[in-house]
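Participant: Put the two chains together into one complex, using the hints given.
The lines below spell out each chain.
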Amino acid sequence: MSVLLDLDGITKTYPGVKANDDVSFSIEIGEIHALLGENGAGKSTLVKMIYGLARPDAGAMHLGGVAYAPHGPVAARAAGVAMVFQHFSLFEALTVAENIELGMENAPPRRELAQRIREVSAEYGLPLEPDRLIGDLSVGIRQRVEIVRCLLQSPRLLIMDEPTSVLTPQEVEQLFATLTKLRAEGVSILYISHKLDEIRQLCDRATILRGGKVVATCIPAQETARSMAGMMIGQELAQPSVRDFSPGEVLLELEGLSLPAAGQFGVALHGIGFRLRAGEILGIGGVAGNGQDEFLLALSGERRVEPRMIRLAGRPIGGRGPEVRRGAGLLTAPEERLGHAAAPAMTLAENALLTGRRRAGLTQGGFLRSGAIGAFARRIIADFDVRTPGIETLARALSGGNLQKFVIGREVLQAPSVLVVNQPTWGVDAHAAAQIRGALQALADGGAGVIVISQDLDELMEISDTFAVLANGRMSPVRPATGLDIETIGRMMGGAFGAADAEFSHASA
Amino acid sequence: MLRLEPRTSASPLVEAITPVGAVIATMVAGGCLFALLGKNPFEAIHMIFVAPLLDPYSRSEMLIKATPLVLIALGLSFGFRAGVWNIGAEGQYVMGGLAGSAVALAFWNVEGAWLLPLMVLAGMAGGCLWAMIPAVLKVRFNANEILVSLMLVYVAGLFLSAMVSGPLKDPQGFNFPQSRLFHDSARLPVLLEGSRVHVGVLVALAAVVLAQVLLHRHMFGFNVRLLGQAPRAAAFSGVNANRLTVICLALSGSLAGLAGIFEVAGPIGQLQPSLPVGYGFTAIIVAFLGRLSPIGILLAGLVMALTYIGGETAQFALGIPKAAISVFQGMLLFFLLAADLLTRYRIARIRRGVV
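Those protein sequence lines, which keep their order, are chains A and B. When the letters of the first sequence are read in order and numbered with the numbering used here, they come out as residues 1 to 509. When the letters of the second sequence are read in order and numbered with the numbering used here, they come out as residues 510 to 864.
Next up, chain B with everything else stripped away, as it sits in the complex (with noise of 0.2 Å):
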């Protein structure tokens, strides 16, 4: 029989490389089933993970896929590491681009350099209050965090098309269902001439050295670590853990929220049902890939976003199909699970018999 026994120590080295491990481990396996279904694996993989930052309207098109990513895991992270597992952002990202929306729809015809902050107010109040209600009944019912946030998520989703369907459908759109086109006071400044890299991308910045500076250097980022690592003692220090659920699950919600508003505002410009394309669900492995720390995190969104503009293009130029990208990012997560399964663990072999 084999058993797994937990390491004595675990080098920091070790835990900082595996997760280039797991991106190369992927490569290989990714590569192997490029060959099965019969394509050239290293023009695949070369076209997935080299070719896009090689082409600047592909790095252009990274850093915008990047930003709802990393602003989320962001949020995920505080999480994550509290023990509380908010699997349903992409519930959040819809609410928060829903709501932020409403008001653009609202104002559609009055332009206003108060307009923009207004959108990120009630798209941040739409995604937190979206996660307020997992957090209100883990906190009074003990009900399971996971199940409720990620059944929210498909709520939501069916809500933005009853919305777009019915009360923020274009009154002139042919009943298509999508909103009015947002006029230019409702959208994201662009930053980059030519390109649809907008402001969200300095914001998404910023979160990341604040959530640095919250995470190591506030009693705030001391308790959400404390809660996770040792809960008795994080009630002898004092934490009221039910607050800190509420916080670390409202912040969530609020990036989220924050990301759906921007990606609407920004490179959609219109409120559409195709609004969810799961960077709610990609954002959970690009903050385990990203060690929930801010500065991983920004890498491993960056790391995600390439496979996604590179899944494109192979699904473009080689015939690939789509969901190849799909199983691409789950074995990302597997290999990565995997890796730190086995730098926490050793496998041992015991033999059968006496307990």
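Okay, chain A solo, but in the shape it has when bound (with noise of 0.2 Å):
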């Protein structure tokens, strides 16, 4: 086989991150070809080189043995490469055949190009009807738009970023079988994606991207899933800490919580169970979109499941909402700081009083406390440092970090039993990160139990006490952070554990 693509010391350095160093690496004609590698790792910026979106610093690229450096989409798709993003640009008001017309550079007659969309959309395997309303369509079917906007132009090189994300188990299947044709008939696909077992299945070669640095090069097939998840992650995993952990008595238990999918794309929890202790920091890992959001929701309150899936000091709290949880001392902090944790056009004063009007008691029937509110979120702000000019600031003018600070800060600050924090370091910078840890260390300390949802592997062995992985809406056994080595995790990240497994972990933990 030849080479189709080749990278050779690709570099790009945006302010204050290297975001590629010295990429090389080269695609082949008819190959399908991975791009793995966890979120922030690179494989955006590389992909944005090759389609001509931004420029390398360094390095040079060949196109079938020619050189090649796109000043432009335009002159991507020329060359031969076509990309379908995970963020479609499609026009909901537009028909099918319209949508693909203001894509092409030189597009043939209506009539005609819906004929030719009709011819290739089934030849692949992905029927269209060129004079439907986009709007109309599910997301899978625009994501065939997007695809066979891309065939018409007969590229030599298809990029696609995260395709699965948006479908589901049948598209997916369908869309493989798209590739596997593509490939047999000499296109060369550069596939995206940290789902591994994905990759296992259809890929031919895997480059594993990590902080911008080519770090293996595989054939997948001969891999397996945590041999991949140890080389995305890496192998310099920090130490846990050593902290006086002595657990004392339960305070939450989880048994058998399962909630049911939200919506086509959202994932279930399945039978998750285990006991949480005073004094123990709970570490749950896990790739991105494994019910880590529906895991949150179900703790939060914002859904309910039956009463006795979670216990709270053994009583069944499941079917509460979130005001009682925190009445009863369960408090959590999403994921989504504006938006979700924080409303973003209101004040500092306000948001504080989003969660804090009964623990902090700031209201008296039903009226407003002005006093203790102003008092609650100075308060907020001096003891996590949240660098503002005062309360009442819109939580939208507020830096991430801050902002982060100021939402953790408002839990911590109300005494919880438990407190559940879903990536409360993402987009923080270093300082913030550390001073957020030592907070929920200390509450720790102070007796509370604390589960901390991460992807960030390194913070999780910094401060756990125990860890467990989310995959696919079901939770590994819990186990002590300390001892725990890549092979392991990895294991537990591709969700290599059985049923037996799980009843083992409620049994014993």
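Among these hints, one or two may not hold up.
Stated by the list, open to error - Quick partial rundown of chain B residues pointing at chain A, CB under 10 Å, derived from the structure:
hint : residue
1    : Y566
2    : R705
3    : V718
4    : F729
5    : G730
6    : V748
7    : P776
8    : I777
No lab work stands behind these hints: they were computed from the structure. All values reported here derive from a predicted model rather than from experimental measurement. Backbone N, C-alpha and C fix where the C-beta goes; we use that ideal spot for every residue, glycine too.
Facilitator: Structural data, given as structure tokens:
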């Protein structure tokens, strides 16, 4: 086989971060090549350069043996490189044919185009009606439109950015059939994903990025999900800091927590069970989209479950809403700061009231105690070093890190008996992240139970006493964090823990 | 190509003065309209916006017209803040007037101080129950409350016609479609001797104060604002969106019903098929012109009442068509929304090309 695209020493620096550092690999003709890496590993930057949306600072690309330096997507498409983005660029009020025509440099007459859309889409098993309005089509069909738009240009290289994240399992199967057919015709495909099973099933080779560098190239079929997860995460795991961990009585007990998926793309939770004890920090790892959000909603009370599924200090509260749970001492901090954990257009004082009304005593007979609200907000700002002009500042005016400190501080200062946080340091600078972790540890030292959901394994290793993984809506058995090696974590992240294993977890935890 | 880009910060001062700007723009555009109709624009604008303020009778009529507008708009403002779009206040107003009148007519030959409070309660209940139809359909079946409440306006209007032509018709009324005249204990007491100003004006003022407290000093107002601004944060906070939707519709229905029975028991004095004159729709303009804040609504209600009174005078004195006043009110909302858009967004020029 001969090489289609060759990347040699590609480097790209953005202010403050080296997004790609001396990246070299090649894609052969008729190959499905996976580009694998965690969030922020540099996958998108690399792809942008291949598609002409960004220019490398150093390094060279060759396409079909010729020097290739596209100065825009138009040039990339002319050279035979097409891309299907994760977020579609389709007009809902226009038809399939009109949308496709808009994306083409030299579109044939409408009637001819419609005929070609029918032919090409049928040929690749992606049937499309050219006259349907995009607004009436499902997400899966919209993706077909994007793919067919690319195929009409007869590309040599097709780039697909996380294509399955919006698809149902049946649609995934269909997509894979199409990609396999394209490969057989000699089209090369660069397939970006972090779903390890898909890559093993579909891809011929994989290049793994971590921190902007190529850390490995492998043949997925010869690897296991666990070994690839290991390469993706890296071997340099921080050792858990030695804390004086002597667990107290059981505070929170989950038993057979199940929750149906919300909507077509939600993740269902299946039979999650564990016990959280006083003074314990439980770290929950896993790749995004494996049920983390749903797990938090089930614990915050935004989605109700059967009462017995969640017990707080022995009291079944699975059927109660957020206010009752807060009253009982179960507090949460969701991942999305603006719009979920905080109301963007409201002041910090009002956002303090958002969750603090009951435990911080901010209302009396339904009326607001503005003095108490101001005092509580000022205390959060002072204790958690939130940089802001004052309590009348709107939440959306704060930087991500400052708002995160405010949100975490708001919950910590309410003295919860159990606090659940999702991605507490996502997008937060190192200093603020350290402050947040310190606050969570102090809370646990004071006898509370803390659950930290995160995709940052280093962070989890640093602060957790115990560790578990969410995969496909199921939770692995809870293990002590000390002595965990990358091998074990990779195996857990690949979802390799059986039902028997899960049973074992709540019998013994 | 032109595109709207959100401004990074909208000045609060600008937000406060845009309603004034909208009123001025309406005067200018209205003046042009009158000039095209061959009328003296300055005379027309003076007659609509200034003359009524100089005349005591017109001033008292302004209060009478502002009362239903303010009451209805106050109720609507809570729902509008929470993202509950009750467009059918006109129907709730009619059903309130009808329910209250039914009580008055049931006791047409019995007098007593208890009668008026009973009528008021029945009026509020009538409006409230009518608003419960869109509420239940929305919460149960996710039916769009805009469409349901709007369509129910016409049902209410026809129901009123059927009632005044049937069961509630005056037996001695020569078959005219209207009810008996209410006796004195079924009428709202008049405040100012020699005018039609009734105690409903005081109730509307009290409602403004209550609404102000509820909106800014009570958990209910906080939850309403939260739900409208950040629905997911509201769910996280523990706000029950369905319950709040029902309460908002109940509140706006009750206040519209109250306005309805006040109108029947106040200026009119009997049930007539001409009860709906569009207060329920105009109140939507009043609510937005008043920035959904109670004090603003009070001022906006007075301005809107002014255009009604002045418009009538202008019709009479200058022969301006009746529709011109509706056009006027429509322009006011149009300019307000346009000004709002431009304070929150700016127009930017973008080049066509790469996505």
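Participant: Hint by hint, note whether the structure agrees.
Facilitator: Quick rundown of the hints versus the structure:
Violation of the interface hint for Y566 (chain B) is found here, the shortest Cβ-Cβ separation to chain A being roughly 42 Å, above the 10 Å cut-off. Look at R705 (chain B): its Cβ only gets to about 37 Å from chain A, farther than 10 Å, so that hint breaks. Violation of the interface hint for V718 (chain B) is found here, the shortest Cβ-Cβ separation to chain A being roughly 15 Å, above the 10 Å cut-off. About 7 Å separates the beta-carbon of F729 (chain B) from the nearest beta-carbon of chain A, less than 10 Å, and the hint is met.
For G730 (chain B), the shortest C-beta to C-beta distance to chain A is roughly 9 Å, which falls under 10 Å, so the interface hint holds. Restraint check, V748 (chain B) versus chain A: the minimum CB separation of about 9 Å is within 10 Å; hint holds. About 36 Å separates the beta-carbon of P776 (chain B) from the nearest beta-carbon of chain A, more than 10 Å, and the hint is not met. With 10 Å as the threshold, the beta carbon of I777 (chain B) stays out of range of chain A, its nearest partner Cβ sitting at about 38 Å, so the hint is violated.
When the structure is compared with the earlier hints, violations turn up for hints 1, 2, 3, 7, 8 and for no others.
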